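Place chain B on chain A using the hints.
The chain contents come next:
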Amino acid sequence: MAEAKKDILVVSSSPHLRREENIPKIMHNVIVALVPAMAASLYFFGLRAILLILTSVLSCLATEYVFQKARGKEITLADGSAIITGILLALTLPPSFPLWATAIGGISAMALGKHIFGGLGYNIFNPALVGRAFLQAAFPVTITTWTPPLTMASVDTVTTATPLALMKFEGKITPYLDLFFGNISGSLGETSALAILIGGLYLRYKGIINWRQPLSYLLSILLFGGLFWLISPSRYPDPLFHILAGGAMLGAFFMVTDYVTTPVTPLGQWIFGIGGGFLVIIIRLFGGLPEGVMYSILLMNAITPLLNRYTRPKVFGELE
Amino acid sequence: MAAKELPLSKDFFKGFWKENPVTVQLLGLCPTLAVTNTAINGFAMGMATTFVVVSASTLVSIIKRLVPRQVRIATYIVIIASFVTMADLFLAAQFPAISKALGPYVPLIVVNCLILGRSEAYASKHPVHRAFLDALGMGLGFTWVLVLLGIIREVLGFGSIFSLKMFGDWFTPWIVMILPPGAFFTLGIIVGVINYITGKEGSETTCH
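Protein chains in written order, with this note's numbering: chain A, 1 to 320; chain B, 321 to 528.
I should point out that these hints are in silico values taken from the structure, not numbers from a laboratory.
Owing to the predicted nature of the structure, the values given are computational and were not obtained by experimental measurement.
For each residue, glycine too, the CB sits at the ideal point set by N, CA and C.
Treat the hints with care, as some may be off.
Unchecked claim - Which residues of chain B face chain A? A few of them, derived with a C-beta cut under 10 Å, are: (1) Gly477; (2) Ile495; (3) Gly502.
To be verified - Which residues of chain B face chain A? A partial, calculated answer using Cβ under 10 Å: (4) Ile481; (5) Phe482; (6) Met486; (7) Thr492; (8) Pro501; (9) Phe505; (10) Gly508; (11) Ile509; (12) Gly512; (13) Tyr516; (14) Ile517.
Claimed, not checked - Anything over 10 Å on all C-beta distances counts as not near chain A; from chain B, calculated: (15) Val344; (16) Gln345; (17) Leu346; (18) Ile360; (19) Phe371; (20) Gln390; (21) Ser402; (22) Asp408; (23) Leu409; (24) Gln414; (25) Ala417; (26) Leu436; (27) Tyr442; (28) Val496; (29) Met497.
Looking at chain A on its own, in the form it has when it is part of the complex (with noise of 0.2 Å):
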């Protein structure tokens, strides 16, 4: 009697509208949509991607293990978090990388930029990027020795430059088809374009992520790429080539759009977007580093709170 009862009036405080989501759900979608990229990487890299990827994500689960293990916590190596970082991490490095210093990356992710904060859902900074530039300022040699692609026709050379570096330091510009397919030399997984695009509009279709973050990103790029390439075309190259080269499509669409360490506010988010684009063209353009993706997205987090909090908008009927 009293469990028909139930089916008929369901007595309980809000929020009444639910969603189907949860954590997991959404970390596996997005694990989906970096298969694009982690396939254009094996192809183009050939099976040392994939034992980069495992490595990262091994050192990644490992290491979570350790820190929720060791602080009594629940072990939520499942929800698919871990596995995202070292996946993201693992597609920022250089092909050749040591696979000893990925497990020093992938373990200083999770450390330094999760479990010290307290885990997911704590952290102020994005996990993969401040492993990624606890070994860029580690081993900054290592991890700027670019191989070319496999596709690519010379078989004689054993290193190559980046056409962002290539733009930089010689002036050369790369063909925008290759940029677009991935046809060039960089980290594993930021090559190609199409891949990144093909998962990115999944988790838009998805509903994963909003159109907002990347877009006012990528928008941002072009507008302050374009200003200075009107300013002196042959001195800076055209605002489409910021976009194609480098990690900005990677940063866009699974940086960018991260849920823990970007403002939750729409405003927030134009302005997190519009200031991660200039802080890239300016590194790009008068920084010593020829890629400014990283520290843009990780400058763009620190502010983070302070966007949350100043974006924050009225109660309906609040008064000044």
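Leaving out everything else, chain B in the frame of chain A:
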């Protein structure tokens, strides 16, 4: 005063672990972070600081009844600065290489709050032998943490301990460990580990 009842050994040993100036009181972090890129630098800084804190605390304890309350801090600073100048000149004369490596951080021992802290909080209220033991314990407690930091950073950042090469050619130095971030990471991890251990022991870790 309750502290009077304590055994002398406690005055000496509290600086090593329970009231360690770096890992528990978090005092004197400027030299701790700045000069510990090698073990020998950490050791030299620790020894110089130990000399200054022991001398200053002893002298402060001797003259504690002569100093008017209103000018005591200025008096302590003058005393500390005198001993720091001695340490600075001694290092420059006897160990010019280390003196050069430590650079401005030797004169800056003057503003190490560990030393003023011991003078003000302990030496000015306790008899000379207790002040001496307290300062010695604190100085050595400071030194071992600096040497530990220096060893960890030197092993990872240069691949050596006290300039002795540890690894073969396969070793790639972690540049970050000899840069400022390396000091913060290492110190943070050491403090975290020590808190984790003392937390498990269930002993009180309150500092004052």
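Here's how the hints hold up against the structure:
Against a cut-off of 10 Å between C-beta atoms, the interface hint on Gly477(B) holds, since the closest Cβ of chain A lies about 9 Å away. The closest approach between the C-beta of Ile495(B) and any C-beta of chain A is roughly 6 Å, which is under the 10 Å cut-off, so the hint is satisfied. Proximity of Gly502(B) to chain A holds as hinted, the smallest CB-CB distance being about 8 Å (cut-off 10 Å). Evaluation of the Ile481(B) hint against chain A yields a violated restraint, the C-beta minimum of about 19 Å exceeding 10 Å.
Against a cut-off of 10 Å between C-beta atoms, the interface hint on Phe482(B) is violated, since the closest Cβ of chain A lies about 22 Å away. Below 10 Å, beta-carbon pairs count as interface contacts, and Met486(B) has none with chain A, the closest being about 16 Å; its hint is therefore violated. About 6 Å separates the beta-carbon of Thr492(B) from the nearest beta-carbon of chain A, less than 10 Å, and the hint is met. For Pro501(B), the shortest C-beta to C-beta distance to chain A is roughly 6 Å, which falls under 10 Å, so the interface hint holds.
With 10 Å as the threshold, the beta carbon of Phe505(B) comes within range of chain A, its nearest partner Cβ sitting at about 7 Å, so the hint holds. At about 8 Å, the closest approach between the beta carbon of Gly508(B) and any beta carbon in chain A falls short of 10 Å, and the interface hint on this residue holds. Restraint check, Ile509(B) versus chain A: the minimum CB separation of about 9 Å is within 10 Å; hint holds. The interface hint given for Gly512(B) holds, since its Cβ lies 8 Å from the closest Cβ of chain A, which is under the 10 Å cut-off.
For Tyr516(B), the interface hint holds, the least distance from its beta-carbon to any beta-carbon of chain A being 8 Å, beneath 10 Å. A hinted interface residue such as Ile517(B) counts as satisfied when its beta carbon comes closer than 10 Å to some beta carbon of chain A; here the least separation is about 12 Å, so the hint is violated. Distance check on Val344(B): its Cβ is at least 20 Å (rounded) from any Cβ of chain A, clearing the 10 Å threshold; non-interface status holds. At the 10 Å boundary, the C-beta of Gln345(B) stays outside the reach of chain A, the nearest C-beta of that chain being 22 Å off.
Its beta-carbon lying about 17 Å from the closest one in chain A, Leu346(B) satisfies the requirement of being farther than 10 Å from that chain. Against chain A, the non-interface label of Ile360(B) holds: every CB pair exceeds 10 Å, the least being about 22 Å. For Phe371(B), the shortest C-beta to C-beta distance to chain A comes to about 35 Å, beyond the 10 Å cut-off, and the non-interface label holds. Every C-beta of chain A lies more than 10 Å from that of Gln390(B), the closest at about 44 Å, which supports listing it as non-interface.
Every CB of chain A is more than 10 Å from the CB of Ser402(B) (nearest about 41 Å), matching its label as outside the interface. At the 10 Å boundary, the C-beta of Asp408(B) stays outside the reach of chain A, the nearest C-beta of that chain being 32 Å off. Taking the minimum C-beta to C-beta distance to chain A, about 37 Å, the non-interface status of Leu409(B) holds against the 10 Å cut. No Cβ of chain A comes within 10 Å of the Cβ of Gln414(B); the nearest lies about 35 Å off, and the non-interface call holds.
Every CB of chain A is more than 10 Å from the CB of Ala417(B) (nearest about 27 Å), matching its label as outside the interface. The Cβ of Leu436(B) lies farther than 10 Å from every Cβ of chain A, with a closest approach of about 32 Å, so its non-interface assignment holds. Listed as a non-interface residue, Tyr442(B) keeps its Cβ farther than 10 Å from every Cβ of chain A; the least gap is roughly 34 Å. At roughly 4 Å from the closest C-beta of chain A, the C-beta of Val496(B) falls inside 10 Å, breaking its exclusion from the interface.
Distance to chain A contradicts Met497(B) as a non-interface residue, since its nearest Cβ pair spans about 7 Å, not more than 10 Å.
Checked against the numbered hints given earlier, the structure breaks hints 4, 5, 6, 14, 28 and 29 and satisfies all the rest.
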